[in-house]
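Could you put together the complete structure from these sequences and hints?
Just so you know, UniProt numbering puts the end of the sequence shown at 378, numbered straight through with nothing missing.
Hints in this document: simulated from the structure, not taken from any laboratory.
Mixed in with the good hints, there may be bad ones.
Said to hold, decoys possible - For each label pair, taking beta carbons as the anchor points, the in silico distance ranges come out as:
#, residue 1, residue 2, range
1, R283, E98, 26 to 34 Å
2, Y345, R378, 22 to 30 Å
3, T356, G72, 26 to 34 Å
4, E33, T215, 17 to 25 Å
5, K74, E358, 28 to 36 Å
6, G373, L142, 36 to 44 Å
7, Y345, L142, 14 to 22 Å
8, R378, K74, 35 to 43 Å
9, A295, G68, 35 to 43 Å
Claimed, not checked - Computed cross-link-like contacts, DSSO-like style, restricted to lysine-lysine with a CA-CA straight-line distance of at most 27 Å:
#, residue 1, residue 2
10, K219, K140
11, K334, K74
12, K159, K140
13, K100, K74
14, K210, K87
15, K74, K101
Quick caveat: nothing in here was measured; it's all calculated off a predicted structure.
Built from N, CA and C at the ideal position, the CB exists for glycine as well.
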Amino acid sequence: MSAIFFPLLRLAFMRMLCAAVLTALTAGGAWGEILVGQTTGVTGPAAVPVNENIIGAQLAIDAINAQGGIHGEKIEVVRMDDAFDVKRAGENARVLIEQKKVVAMFLNRGTPHAQAMIPWLDKYGVALIGPSTGAMVLQKPLQPHVFNVRSTYQREAEKAILHLLTVSMSRIAVVHVADSFGQDVLEGAMTGFSKGKATPAAVVPADRDKPDYATIIPKIANAQAVLWIGSSAGVAEGIKALRAAGSAAQVVTLSNNASGGFIKQLGAASQGVIVTQVFPSERSIAHPMVKEALALAQAKGQKELSPAVLEGYASAKVLVEALRRAGPKPTRAKVLAALETMRSYDVGGGLTVNYTPEVHAGIDFTDLSIISGGKFRR
Numbered sequence: 001m002s003a004i005f006f007p008l009l010r011l012a013f014m015r016m017l018c019a020a021v022l023t024a025l026t027a028g029g030a031w032g033e034i035l036v037g038q039t040t041g042v043t044g045p046a047a048v049p050v051n052e053n054i055i056g057a058q059l060a061i062d063a064i065n066a067q068g069g070i071h072g073e074k075i076e077v078v079r080m081d082d083a084f085d086v087k088r089a090g091e092n093a094r095v096l097i098e099q100k101k102v103v104a105m106f107l108n109r110g111t112p113h114a115q116a117m118i119p120w121l122d123k124y125g126v127a128l129i130g131p132s133t134g135a136m137v138l139q140k141p142l143q144p145h146v147f148n149v150r151s152t153y154q155r156e157a158e159k160a161i162l163h164l165l166t167v168s169m170s171r172i173a174v175v176h177v178a179d180s181f182g183q184d185v186l187e188g189a190m191t192g193f194s195k196g197k198a199t200p201a202a203v204v205p206a207d208r209d210k211p212d213y214a215t216i217i218p219k220i221a222n223a224q225a226v227l228w229i230g231s232s233a234g235v236a237e238g239i240k241a242l243r244a245a246g247s248a249a250q251v252v253t254l255s256n257n258a259s260g261g262f263i264k265q266l267g268a269a270s271q272g273v274i275v276t277q278v279f280p281s282e283r284s285i286a287h288p289m290v291k292e293a294l295a296l297a298q299a300k301g302q303k304e305l306s307p308a309v310l311e312g313y314a315s316a317k318v319l320v321e322a323l324r325r326a327g328p329k330p331t332r333a334k335v336l337a338a339l340e341t342m343r344s345y346d347v348g349g350g351l352t353v354n355y356t357p358e359v360h361a362g363i364d365f366t367d368l369s370i371i372s373g374g375k376f377r378r
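If you want it as structure tokens, here you go:
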């Protein structure tokens, strides 16, 4: 009897085990998944570069998931749209951390938006990897749970002003969005003026959500050049208003607007606009990271990259590496420890992040591009 009973018992046990596994899988739980949270402006004034960031990030995440994931677990990004609204960004972060139990936050958009998330990061010990902002306020003083991937806005702004002064522009105006992002960039611009022994022709604040172009344009009408700091929608409409007023001033904006969609928003006004960059040219296929990302994009039917796509891709590579170093079944504490010991991690082609418990700076790279023929040219 036992010769029959035990095989049958074993068979029944295996059936129960398979049923339990099937139930876990079909229930949609996190079994076999690593949950990563993202709140960002999928809609709203920053939607154009945000969605290109997401495309780039998914190239890296989908590629690692196709290979079996990290230690046998696939990465799932739980994404919430904050429509580029600061309060929604903070509330989304709370939901993702408290309710969704994500092990890390990833690739948000906007400086004040990141600041709204920090109380929740600090309360629960959750890392934010690759915020899509170069704000110095996220680096100094050290934000213990924020790990930057890209270069700073202050360095971009300083480089832009020094370039304009080098090419004999003496009347340079600055238009900046009136929030923590705008103030941060303005500080970098003023460093450029100081180094070039010059002063701005005008410094004009602009409302983040509803810029008053009728008030702004007369204040910068006589400028030879304008550094315009703001979201892609606000800057694009501002440049159009400037051109409509008859100004031929050289316009410069920052890498937060380095997207293909920004060029489309500008339309005919795009020609000659200078955009600072924090990654190599998206057409430099000799660069290892660009070549790698382009191959993955083309496999999905995407013909080309944009700077915003590259930023998302680079940030996701850092995320993937942190999860890999955190080991099987990563926890928030393990991810944080993995990041703080990530010394000189090469994202590709010598672009490195170098984190310590005291320094969470990103890749030290800045460049200038000019829009010509609907493309960013270096």
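How the hints compare with the structure:
1. At roughly 43 Å, the beta-carbon separation of R283 and E98 lies outside the given 26 to 34 Å, and the hint is violated.
2. Distance hint check: the CB atoms of Y345 and R378 are about 25 Å apart, consistent with the given range 22 to 30 Å.
3. Taking 26 to 34 Å as the suggested C-beta distance range, the pair T356 and G72 conforms, at roughly 30 Å.
4. A beta carbon spacing of about 50 Å between E33 and T215 contradicts the range 17 to 25 Å that was offered as a hint.
5. Under the hint 28 to 36 Å, the C-beta atoms of K74 and E358, about 33 Å apart, fit the expected range.
6. For G373 paired with L142, a C-beta distance near 43 Å keeps the hint of 36 to 44 Å intact.
7. Checked against the given bound of 14 to 22 Å, the beta carbons of Y345 and L142, roughly 19 Å apart, stay inside it.
8. About 36 Å separates the C-beta atoms of R378 and K74, a value consistent with the hinted range of 35 to 43 Å.
9. For the pair A295 and G68, the supplied restraint of 35 to 43 Å is violated, since their beta-carbon distance comes to about 19 Å.
10. Distance restraint check for K219 and K140: the Cα-Cα separation of roughly 33 Å exceeds the 27 Å cut-off, and the hinted pair is therefore not satisfied.
11. Distance hint between K334 and K74 is fulfilled; the C-alpha atoms sit about 17 Å from each other, no more than 27 Å.
12. With a CA separation close to 20 Å, the supplied pair K159 and K140 stays within the 27 Å bound.
13. Pair hint K100 plus K74 holds up; C-alpha atoms about 16 Å apart against a cutoff of 27 Å.
14. Restraint check for K210 and K87: satisfied, since their Cα atoms lie roughly 17 Å apart, inside the 27 Å limit.
15. For the given pair, K74 sits about 16 Å from K101 by alpha-carbon distance, which is consistent with the 27 Å threshold.
The structure fails to meet hints 1, 4, 9 and 10 from the earlier list, while all remaining hints are met.
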